Structure formats: structure tokens, C-alpha cells
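If you read the protein sequences in the order shown, they are chains A and B. Under the working numbering, the first residue of the first sequence is numbered 1, with each subsequent residue one higher. Under the working numbering, the first residue of the second sequence is numbered 78, with each subsequent residue one higher.
Hints in this document: simulated from the structure, not taken from any laboratory. Since we're looking at a predicted model, the values are computed, not measured. Among the hints, erroneous ones may be present.
[What the hints assert, rightly or not] No farther apart than 27 Å at their CA atoms in a straight line, the calculated lysine-lysine pairs in the DSSO-like style are these:
(1) 183(B) with 388(B)
(2) 200(B) with 171(B)
(3) 91(B) with 319(B)
(4) 171(B) with 183(B)
(5) 400(B) with 262(B)
(6) 171(B) with 366(B)
(7) 15(A) with 400(B)
(8) 388(B) with 400(B)
(9) 63(A) with 91(B)
(10) 319(B) with 262(B)
(11) 200(B) with 366(B)
(12) 363(B) with 171(B)
(13) 319(B) with 63(A)
(14) 171(B) with 15(A)
(15) 363(B) with 63(A)
(16) 79(B) with 10(A)
(17) 79(B) with 91(B)
(18) 388(B) with 15(A)
(19) 171(B) with 388(B)
(20) 200(B) with 10(A)
(21) 183(B) with 200(B)
(22) 200(B) with 363(B)
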Amino acid sequence: MCLAIPALIKSIEDKEAEAEIGGITRRISLWLTPEAEVGDYVLVHTGYAINVLDQEEAEETLKLLEEIAAAAEEGEG
Amino acid sequence: MKFIDEFRRSELAKGLISQIHRRSRTPARFMEFCGGHTATIFRYGIRQVLPSNIEMVSGPGCPICVTANADLDKAIALAQIPEVIIATFGDMLKVPASHSSLQEVKADGADVRIVYSTMDALKIAEENPTESVVFLGIGFETTAPTIAASILQAEEGRIRNYYVLSLHKLCPPVIQAILDSGEVKLHGLICPGHVSAIIGSHPWEFIARDYGIPCVVSGFEPLDVLQCVDMLVAQIENGESKVEIAYRRGVRPEGNREALRLMGRVFEPCPAWWRGMGEVPDSGLKLRKEYQRFDAELAFDIDPGTAYEPKGCICGDILRGVKTPLDCRLFGRACTPEYPVGPCMVSSEGSCSAHYLYGGGFEG
Chain A
1 MCLAIPALIK SIEDKEAEAE IGGITRRISL WLTPEAEVGD YVLVHTGYAI NVLDQEEAEE
61 TLKLLEEIAA AAEEGEG
Chain B
78 MKFIDEFRRS ELAKGLISQI HRRSRTPARF MEFCGGHTAT IFRYGIRQVL PSNIEMVSGP
138 GCPICVTANA DLDKAIALAQ IPEVIIATFG DMLKVPASHS SLQEVKADGA DVRIVYSTMD
198 ALKIAEENPT ESVVFLGIGF ETTAPTIAAS ILQAEEGRIR NYYVLSLHKL CPPVIQAILD
258 SGEVKLHGLI CPGHVSAIIG SHPWEFIARD YGIPCVVSGF EPLDVLQCVD MLVAQIENGE
318 SKVEIAYRRG VRPEGNREAL RLMGRVFEPC PAWWRGMGEV PDSGLKLRKE YQRFDAELAF
378 DIDPGTAYEP KGCICGDILR GVKTPLDCRL FGRACTPEYP VGPCMVSSEG SCSAHYLYGG
438 GFEG
């Protein structure tokens with residue numbers, strides 16, 4: 001029920017935006033994320049963007065997970 | 078970066094699983110509060126790849142599952158008023174209330190429409206000015222701000238035939254109720270990611286501080302959940318209990334201030350009735366006085382009658398984490414996703430549905 005999926009904002013008009021979700025464009029509301037800009041990825045829940053996704057944080061998390069995986073492989077080898 | 082496939086990479090999952098096995102020594106029971114996490118854990122077989130000293134239990138984080146029959150009966154009663162159009166998220170349709178479901182009353186002629194968003198419900202209200210549209214406000218802190226926004230939009234657009242049945246629930250108070258009951262001993266909490274996207278990580282701090290239970294906010298991809306488990310294990314093995322965020326791309330410690338502001342403008346906390354847990358103080362949301370004209374319960378005179386619980390159903394015990402679906406005599410026999418007896422079999426996030434669809438045969 002609390003499902004929210006990443007969507008890429010393509011254009012903004014007032015408090016609404018056209019956003020691409022898995023190749024499909026749909027209209028979403030920006031009432032809860034007035035700071036969202038074109039080119040941002042947002043988390044969309046029931047048609048509303050509930051947060052702007054943080055690309056830097058995502059990259060940092062993946063970097064950490066890559067280090068963990070490298071260390072695990074080394075340990076096995 | 079598309080924020081999905083990157084967090085499903087199997088080679089990174091292997092690394093996390095290996096680290097969890099290497100680090101974890103202490104027997105521990107973790108609760109995933111959120112039904113979305115239950116779905117991820119079952120879909121990707123995460124229980125099966127964890128060390129045997131880690132036990133996972135599902136919590137009450139499925140809004141449909143925890144809605145009491147007395148409240149579901151109100152929705153049914155509203156649907157039976159001739160000039161009312163019910164607008165609801167689709168997973169509500171099959172949920173059995175005391176005497177029938179929305180699907181059944183729809184088949185009998187009630188106007189029940191499935192919407193993806195409150196924006197669709199507002200559109201239905203605009204297109205049907207002589208009828209009244211009642212949106213079923215079921216959901217946690219993730220959903221409540223979207224419904225608050227719809228009420229403010231209705232006010233702004235002078236849409237006078239839009240109402241909300243406010244059955245929203247708040248997560249931290251119910252976790253506290255579960256911990257205070259002492260029925261289930263927990264050593265770690267997987268905190269809900271999208272609830273926390275709104276409320277932030279601070280509201281979980283009392284659990285780490287007052288109950289000494291490590292808390293980690295998790296996202297919903299398999300790597301998110303594995304990373305979360307790894308962080309819980311690290312806290313346990315280091316003798317710590319604090320709140321951490323494993324889902325940093327989607328959750329900030331302070332949450333979404335605009336969403337919290339709109340939610341606080343329209344709603345105020347009230348006691349709420351949870352299936353299996355009874356009344357929990359300050360765990361619900363009602364419309365503030367200024368917005369009471371949108372309150373469906375005040376706008377329509379309904380008498381839902383006495384509520385009944387389905388005989389033999391143990392959804393309440395499952396939602397508290399004290400029993401599992403396999404303890405239920407109805408599971409998979411009298412109660413299936415096709416013909417559900419209890420709500421945990423209806424919602425795709427309910428633990429009975431997850432057990433039924435993905436099985437696993439591994440408890441703990």
C-alpha cells in the first residue's frame with residue numbers, strides 16, 4: 001500500500017508534472033514536493049511525488065555495496 | 078541511474094549475504110513492520126538466505142489488514158447510499174467486512190469506482206456534480222499527505238461534493254503498543270521506508286533509546302533489505318541500539334517537511350482501532366475542525382450495525398507478530414486469495430497472501 005516507484009520528471013506545469021515511469025508517461029502531482037525540478041527522479045505514491053530521490057546518496061550506497069562484495073570475494077578466494 | 082535495477086544486482090546481494098553470515102553470531106528476531114518489505118522478503122526468498130540464528134517476523138504494516146471490521150462496515154454503509162459514489166484504491170474491493178465486501182455491494186448496484194489517486198477521485202466529483210464522492214482514506218503516513226492535498230485541492234477548486242472517510246493510521250504509536258504488550262520479543266526493527274520518506278527517521282528514536290532495539294529504515298529492493306539486515310546485525314554484534322537509514326536515496330532524517338505541513342494542516346491525531354490490537358491512542362488521523370465539512374462520517378447518516386470478526390481467522394494475531402499464517406486452520410483451505418476470509422489474504426502485502434503466493438516452507 002505504501003508502494004512508491006521512481007519516476008523521471010520531464011516537464012512541470014504549476015503543481016503538476018509529466019513524469020516517465022518505466023517507459024510510460026503519466027501526470028503526477030507535485031503538491032508534496034514543490035522543490036522538484038525537470039530531470040529529477042522522484043518517488044511516486046498514488047500519483048503524488050512524495051520525495052526527490054538523491055542521486056549522490058544512491059551512488060554512495062552502491063559504492064559501499066560494491067566494496068562489501070569485493071571484500072567478500074577476496075575472503076572466499 | 079534509474080533507481081531500480083541497480084538495487085537488484087545479484088553479485089552485490091551475494092556480498093551482503095556473505096557479510097551477514099560472517100558477522101552474525103547472536104540469535105535475533107527482526108520484525109519488518111511494513112507489508113511492502115514482507116512482499117520483497119518473500120518474492121526474493123530473503124528469509125532462506127539468512128543465517129539460521131536470524132528469525133524474521135512480519136508486523137502490522139498493511140493498512141488494509143489493520144483496518145477494523147467496524148470501520149470497513151462504515152465504507153459498506155456509505156456505498157449503499159444511492160447518491161454516493163465510493164472512490165477507492167483497488168485492493169480494498171475484496172476485503173471482507175462483517176457482512177459483505179465492496180465488491181459484493183458493487184455487484185448489487187452500488188457505485189464503487191477504483192482509482193489510482195485522489196486526483197482521479199476529485200475528477201469524478203467534478204464530473205458528477207449532483208452526486209457525492211466519498212474517498213476511502215485508508216493508509217499510513219505515506220498516503221495521508223496525498224489525501225490532505227486532495228482536500229486542499231477540493232477547497233481551492235470549490236469542489237463541494239468530495240468527502241473523505243478518514244481511517245488513516247500512524248505507525249510509531251502502534252509499534253510502541255506492540256512493544257509494550259511484551260507478546261513478541263524483538264531485537265531489531267526494519268522501519269518502513271516510504272512512511273519514513275514522509276516522517277523522517279527521528280520518530281523511531283524512542284524505540285532505540287527507550288526499548289534498546291536497533292532500528293534501520295529500509296528501501297524496498299532486495300539489496301535495500303539485505304543492507305538493512307546487515308546494519309541491524311552490526312548494531313547487535315557491537316552492542317548498540319540506534320536509528321540508521323539504509324535507504325538514504327529516499328529518506329532524509331527530517332522527512333518531507335512540506336508533506337508533514339499539509340498533513341498537519343488538515344488532520345489531527347485521534348485514537349484509532351486496529352485489527353488485533355484494539356484501540357491505540359493517537360494512532361489515527363481525523364479531520365481538523367476547519368475541514369470537517371469534508372468528513373464523510375459527519376456528512377452522511379450511517380448505521381453500520383454491529384461488527385463481526387470472521388470465525389477462525391487469526392489475522393489479528395498474525396498482525397501482532399505472535400502467530401504466522403501457517404498457524405491458521407483456514408490458511409490455504411477455507412481462505413485463499415481467490416476467496417479470502419481475512420484481510421491478510423487479500424492484500425498483496427498481507428503476510429497470508431505472501432505465504433500463499435511464495436510459500437517458502439521455512440519459518441524463521
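Checked hints:
For the given pair, residue 183(B) sits about 24 Å from residue 388(B) by alpha-carbon distance, which is consistent with the 27 Å threshold. The hinted pair formed by residue 200(B) and residue 171(B) meets the criterion: a straight-line CA distance of about 24 Å does not exceed 27 Å. Note on residue 91(B) and residue 319(B): the hinted pairing holds, with a Cα-Cα distance of about 26 Å set against a maximum of 27 Å. As the CA atoms of residue 171(B) and residue 183(B) are separated by approximately 11 Å, the hinted pair is consistent with the 27 Å bound.
Simply put, residue 400(B) and residue 262(B) have alpha-carbon atoms about 13 Å apart, close enough for the 27 Å limit, and the pair holds. For the proposed pair residue 171(B) and residue 366(B), the alpha carbon gap of about 33 Å is over 27 Å, so the pair is violated. Between residue 15(A) and residue 400(B) the CA atoms are separated by roughly 45 Å; this puts the pair beyond 27 Å, and the hint is violated. The straight-line distance between the Cα atoms of residue 388(B) and residue 400(B) is roughly 16 Å, inside the 27 Å bound, and the hint therefore holds.
With a C-alpha separation of about 15 Å, the suggested pair residue 63(A) and residue 91(B) falls inside the 27 Å cut-off, and the hint holds. The hinted pair formed by residue 319(B) and residue 262(B) meets the criterion: a straight-line CA distance of about 17 Å does not exceed 27 Å. Between residue 200(B) and residue 366(B) the CA atoms are separated by roughly 25 Å; this keeps the pair inside 27 Å, and the hint holds. With a C-alpha separation of about 25 Å, the suggested pair residue 363(B) and residue 171(B) falls inside the 27 Å cut-off, and the hint holds.
Between residue 319(B) and residue 63(A) the alpha-carbon distance is near 23 Å, which keeps this suggested pair within the 27 Å criterion. Only pairs whose Cα atoms come within 27 Å are accepted, and residue 171(B) paired with residue 15(A) is rejected, the gap being roughly 34 Å. A distance of roughly 44 Å separates the Cα atoms of residue 363(B) and residue 63(A); the hinted pair therefore is violated under the 27 Å criterion. For the given pair, residue 79(B) sits about 14 Å from residue 10(A) by alpha-carbon distance, which is consistent with the 27 Å threshold.
Annotation: proposed proximity of residue 79(B) to residue 91(B) holds, straight-line Cα distance about 21 Å (limit 27 Å). The suggested pairing of residue 388(B) with residue 15(A) is violated, with an alpha-carbon distance near 48 Å, which exceeds 27 Å. A C-alpha spacing of about 18 Å is found between residue 171(B) and residue 388(B), which places the hinted pair at or below 27 Å, so the restraint holds. At roughly 23 Å between alpha-carbon atoms, residue 200(B) and residue 10(A) fall within 27 Å of each other, so this suggested pair holds.
The hinted pair formed by residue 183(B) and residue 200(B) meets the criterion: a straight-line CA distance of about 20 Å does not exceed 27 Å. A hinted pair counts as satisfied when its Cα atoms are at most 27 Å apart, and residue 200(B) with residue 363(B) qualifies at roughly 23 Å.
The structure fails to meet hints 6, 7, 14, 15 and 18 from the earlier list, while all remaining hints are met.
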